Amino acid sequence: MNVINEAGILAISTRMHRLSEQLRKDGAMIYKAFGIDFELKWFPVIFTIYKKDVASVVEIANEIGYTHPSTITLLKELEKLNLIEWKKDKQDERKRLFQLTSKGNELIDNMKPVWELMSQVLGDIADNQNNLLAALNEAEEKIANQSFYQRALQLKNSK
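With this note's numbering applied, the sequence shown corresponds to residues 1 to 159, in that order.
It should be emphasised that the hints constitute simulated quantities derived from the structure, not laboratory data.
Bear in mind that the values here come from a model prediction, so they are computed numbers and not experimental data.
Yeah, the Cβ is synthetic: ideal placement off N, Cα and C, and Gly gets one too.
Zero decoy hints are in this set.
Pairwise CB distance ranges, derived in the manner of DEER restraints: (1) Arg96 / Ile12: 37 to 43 Å; (2) Lys142 / Glu6: 20 to 26 Å; (3) Asn131 / Lys95: 36 to 42 Å; (4) Tyr149 / Asp127: 30 to 36 Å; (5) Lys87 / Lys142: 37 to 43 Å; (6) Lys87 / Leu132: 38 to 44 Å; (7) Gln129 / Glu6: 17 to 23 Å; (8) Lys90 / Glu6: 56 to 62 Å; (9) Arg151 / Asn110: 39 to 45 Å; (10) Glu6 / Arg151: 21 to 27 Å; (11) Ile30 / Gln129: 24 to 30 Å.
Pairs of lysine to any residue, SDA-like flavour, derived with a Cα cap of 25 Å: (12) Lys52 / Gln99; (13) Lys41 / Gln120; (14) Lys88 / Ser56; (15) Lys25 / Ile108; (16) Lys52 / Leu122; (17) Lys41 / Ala134; (18) Lys87 / Glu63; (19) Lys80 / Thr67; (20) Lys112 / Ile30; (21) Lys103 / Ser119; (22) Lys25 / Lys41; (23) Lys103 / Ala33; (24) Lys25 / Ala135; (25) Lys25 / Ser119; (26) Lys103 / Ser70; (27) Lys51 / Gln91.
Turn these sequences into a full structure, and let the hints guide you.
Set out below in structure tokens:
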């Protein structure tokens, strides 16, 4: 056991980051093993557009929990690769609606079997005595109701 693991709950952010990085690195290698040229940072955006068919910047940012500027940066990268395109919203001319191009749809079709495989393996990894996905859902819900910072301030002020 290393020092970070011994730190317990105090190092939860570090340990989650470490796990996340390992999953990202392995995920990239899995895509590569299937001959798919895809960066993991694009996943939340392209998956959201795939699931919704058409989505605005605000919708995408809200769905993935990223800031507006971060979302736009990813959209521009995907647009440059001709995986997505946009059209003006008929109700609001200022609003851009993003959708997959035929190249984007082809990429999704190639990724679907990989996603099935990844889901199976990740399901096995997360299926512990204390289910990782369930625990993440619970923790995210608690933080959505009251942030880590708000909780810490509340505790500090109650002493």
